[in-house]
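So the protein lines, in turn, are chains X and G.
Using our numbering, read the first sequence as starting at 7 and increasing by one per residue.
Using our numbering, read the second sequence as starting at 7 and increasing by one per residue.
Read the hints as simulated data drawn from the structure, not as lab findings.
Keep in mind that this is a model prediction, so the values were computed, not measured.
Just to be clear, a hint being listed does not mean it is correct.
Identical chains blur together in the list; that is why a pair holds if it fits in one copy or across any two.
Stated by the list, open to error - Straight line, CA to CA, 30 Å or less: simulated DSS-like cross-link-like pairs of lysine-lysine:
#	residue 1	residue 2
1	K187	K200
2	K383	K315
3	K115	K78
4	K17	K342
5	K17	K70
6	K115	K17
7	K339	K200
8	K197	K339
9	K17	K78
10	K17	K315
11	K158	K339
12	K384	K315
13	K342	K115
14	K70	K115
15	K197	K115
16	K70	K315
17	K70	K187
18	K383	K342
Residues per chain, in single letters:
2 protein chains.
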Amino acid sequence: MADIIQPRVLKGFRDFLPQAEMERATLIEALTATFRSFGFVPIDTPALEYAEILLGKAGGETEKQVYRFNDKGGRDVALRFDLTVPLARFMAEHVGELYLPFKRYHLAKVWRGENTQRGRYREFMQCDFDIVGADTASADFDILATIAAAMKALGVPSASINVNHRGVFNRFLAKAGIADKSVEALRIVDKLSKIGADETRRQLAELAGENAADEVLEFIRGGESFAATLERMTTIAGGPNPDSDRLGEIFAMADACGLASSIKLSPSITRGLDYYTGVVFETFIDEIPEIGSVCSGGRYNDLASLYTKQRLPGVGASVGLDRLLAALEAIGKATKPAGYTRVLVVNTEATLGAEYQGAGAALRAAGLACEVFPETKKTGQQYAYAEQKGARFALLQGLEEKARGVWLLRNLAERTNIEYSSLPAVIVAVLESDQ
Amino acid sequence: MADIIQPRVLKGFRDFLPQAEMERATLIEALTATFRSFGFVPIDTPALEYAEILLGKAGGETEKQVYRFNDKGGRDVALRFDLTVPLARFMAEHVGELYLPFKRYHLAKVWRGENTQRGRYREFMQCDFDIVGADTASADFDILATIAAAMKALGVPSASINVNHRGVFNRFLAKAGIADKSVEALRIVDKLSKIGADETRRQLAELAGENAADEVLEFIRGGESFAATLERMTTIAGGPNPDSDRLGEIFAMADACGLASSIKLSPSITRGLDYYTGVVFETFIDEIPEIGSVCSGGRYNDLASLYTKQRLPGVGASVGLDRLLAALEAIGKATKPAGYTRVLVVNTEATLGAEYQGAGAALRAAGLACEVFPETKKTGQQYAYAEQKGARFALLQGLEEKARGVWLLRNLAERTNIEYSSLPAVIVAVLESDQ
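Here chain X stands alone, though its shape is the one from the complex (with noise of 0.2 Å):
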């Protein structure tokens, strides 16, 4: 024999046993039915793209992360490392395919060469829900009424969807005579919950001063209902306008939809990247905020325009499955199935093996998932097997119960047989136990 070759992955890429395979599986199920409820269709794209594709919007930063590399025929390609990319890439090849509004979701791998240091996955599954072709207030309540869904299909107790606009932002910005330092002042500000508000407040200063500084900490001041604040923004930024507009017709769609005390209005979330132009969000689970938010996401103008003259105006949000498998995990409200198997038939015979399956195949045929065991082993093996994937009975047939016809039905946490005279019978009492 030759020698063996260690067995390992690379470092930030991960095996998902089964335990963690179906945890993910029921998460993603629950998500996807949330997202179908709603409206939105499944797409796909290909993990791998040309390099000049996926990185004509890309900063230094992604560049240094992403897997790119020659293929065999030459070409610079590389492996997407996010979903929003190749959404713009296909909205701009296939709209005149689709029918706009176009509401999507995408759930797929992506990879990035982060730094595993920070704890960081290098292959990771992104969740993307978007609306592209329509700028309404009615699109951007869409996707956080998706979310709210969502967080309640999961079993989340209590969820704060934390919205807030660019727009008003800036206005504010303009009149308080530092709308040149926007991107700056926006940086800062989206870093508040974690510097806390003196280091908010002294990077401001230094940025625009004292005065400005103390305007930018009012204005972001939070905790009132979302009408004060709103109120209170609008004043501040100079008065109504289209921006503020669009908030409170929003928060008139969440209190129409019982969401009032889920959706909230944050002045300090603004969201790191320059992309977004209108409505920003994250969403934080009140038992544990201090995770951080596992679904963020915001109003674009424009997704496609270095593939396409076309406008498409958008709205989107990312769900963090690994943070919010975590999360959920930690407030107890993750479910782990142990396996999909109602029933192991118990393999005790090795003359019986066409009864065993004869056995599977009717239990199955009345809906009730059943396995048989493939080989003769100690029953008590067997049943240990059997817990493993989360079975709660056993059934059984030895050379005596098959001379009179009859089945024994264990139930095995109380570990007590009870004999049935056909495979119906059986079938009635498994599918009684679950009522």
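Given the coordinates of chain X, assemble chain G onto it according to the supplied hints.
What follows is chain G alone, placed relative to chain X:
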């Protein structure tokens, strides 16, 4: 504005637009439900692995096709080209954390730099399911029964799972005195359905002489019942042996599960790969066998010998998703949802945005997938959008209806509107329309 970058994907790569992606999602959901009903659990592995690990066993052809490069840390890495090698590495690495027999399914993308002129894709989704750690007829049969259940779940009216056993074939070759030419003989026989009996005979005669060619052709002759074929094969191969007994056991299980007409003994099936050591099988949809096998696989006696000294026998199958989708389309069994939306809330009055969103929330709370058209547009355009998304109903409220507190529910196919006095009444009407 800078120059536009031409939006395009790499040759051999594909975008999936919603129609195609929903069709694929429906197929994957049916397969996943089937796997789970047999107790298979999901895993996932990285798309990118050490090239040494992925290519350890691969021959020249595979190596030529793989996407391989040096990452920024100088590691020699490659994109996975199948899900079998990653499973082998996974089992070697994690066997201590798993329970055996280990039944897993894995649906994921793989990449091969295939010649696209042959209609091959360079990125495609693979779907594998395997049972590792048991070498029994019951495990072999589990895979075959899962294939049969999957075909049924997909609405395939009639499918043939053609089974053979490498061991019986090898015993026959030994008896015919051409054991040393078994690999070549297997490869020639494997092409029977493609090259025809005459050419098969010619190639076999060239390899092993006229007499041996005739013997092989007699051995692989099919068309009889499982039992009759098994008896003939067993006799020609020198009498009963553990491998022919295995086939007999499998047939008894098929008979007990009502699958005797689907699982056929087909002595000409050998599968090209040296990898298989026991049963091998291919699955044909009877209405369109010419499209080729939609699900193939077999038994291997040592999955992970490259990465561990622990012997891990297994049996498994791979579904050809692209081919299966094409076959389902050809026989009119493809499920092509236009969308998931049941009701579109039509947006005709800018001042009623909150009412429309409130209605959408109420319908979704009753379990009805519902979207609110996000901007005011002509109703004709909104109806057209609703039909594109597969919605059967549109819900309308103008200022006049708002004043009276009523809603109009439009049946889009019948082009009729019915007035309802409340949203609960609308919900009941939509729910009843399904019955």
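Evaluation of the provided hints:
For the identical chains of this complex, K187 and K200 are intra-copy neighbours only, at 21 Å inside a copy versus 71 Å across copies, given an alpha-carbon limit of 30 Å. Only between protomers do K383 and K315 lie at most 30 Å apart by alpha-carbon distance; the minimum there is 23 Å, versus 68 Å within a single protomer. Both within a single protomer and between protomers do K115 and K78 lie at most 30 Å apart by alpha-carbon distance, with minima of 23 Å and 19 Å respectively. Taking the closest pair of Cα atoms, K17 and K342 come within 30 Å of each other only inside a single copy of the chain (26 Å); across copies the shortest separation is 40 Å, beyond that limit.
For the identical chains of this complex, K17 and K70 are neighbours both inside a copy (17 Å) and across copies (26 Å), given an alpha-carbon limit of 30 Å. With identical chains, the CA atoms of K115 and K17 are at most 30 Å apart both within one copy (16 Å) and between copies (21 Å). For the homomeric pair K339 and K200, the shortest alpha-carbon distance inside one copy (26 Å) is at most 30 Å, but the shortest distance between copies (55 Å) is not. In this homomeric assembly, K197 and K339 come within 30 Å of each other (Cα to Cα) only inside a single copy, at 29 Å, whereas the closest approach across copies is 54 Å.
Both within a single protomer and between protomers do K17 and K78 lie at most 30 Å apart by alpha-carbon distance, with minima of 25 Å and 12 Å respectively. In this assembly of identical chains, the alpha carbons of K17 and K315 lie at most 30 Å apart only when taken from different copies (24 Å versus 41 Å within one copy). With identical chains, the CA atoms of K158 and K339 are at most 30 Å apart within one copy only, with a shortest distance of 11 Å there and 35 Å across copies. Taking identical chains as interchangeable, the C-alpha atoms of K384 and K315 lie at most 30 Å apart only when they sit on different chains, with a minimum of 26 Å there against 70 Å within one chain.
For the homomeric pair K342 and K115, the shortest alpha-carbon distances inside one copy (22 Å) and between copies (25 Å) are both at most 30 Å. Taking the shortest Cα distances, K70 and K115 sit within 30 Å of each other both inside one copy (19 Å) and across copies (25 Å). For the homomeric pair K197 and K115, the shortest alpha-carbon distance inside one copy (28 Å) is at most 30 Å, but the shortest distance between copies (38 Å) is not. For a Cα distance limit of 30 Å, the shortest separation of K70 from K315 inside one copy, 28 Å, qualifies, whereas the shortest one across copies, 40 Å, does not.
When the C-alpha separation of K70 and K187 is checked against a cutoff of 30 Å, the pair qualifies only within one copy, where the shortest distance is 27 Å, while the shortest distance between copies is 53 Å. When the C-alpha separation of K383 and K342 is checked against a cutoff of 30 Å, the pair qualifies only within one copy, where the shortest distance is 28 Å, while the shortest distance between copies is 45 Å.
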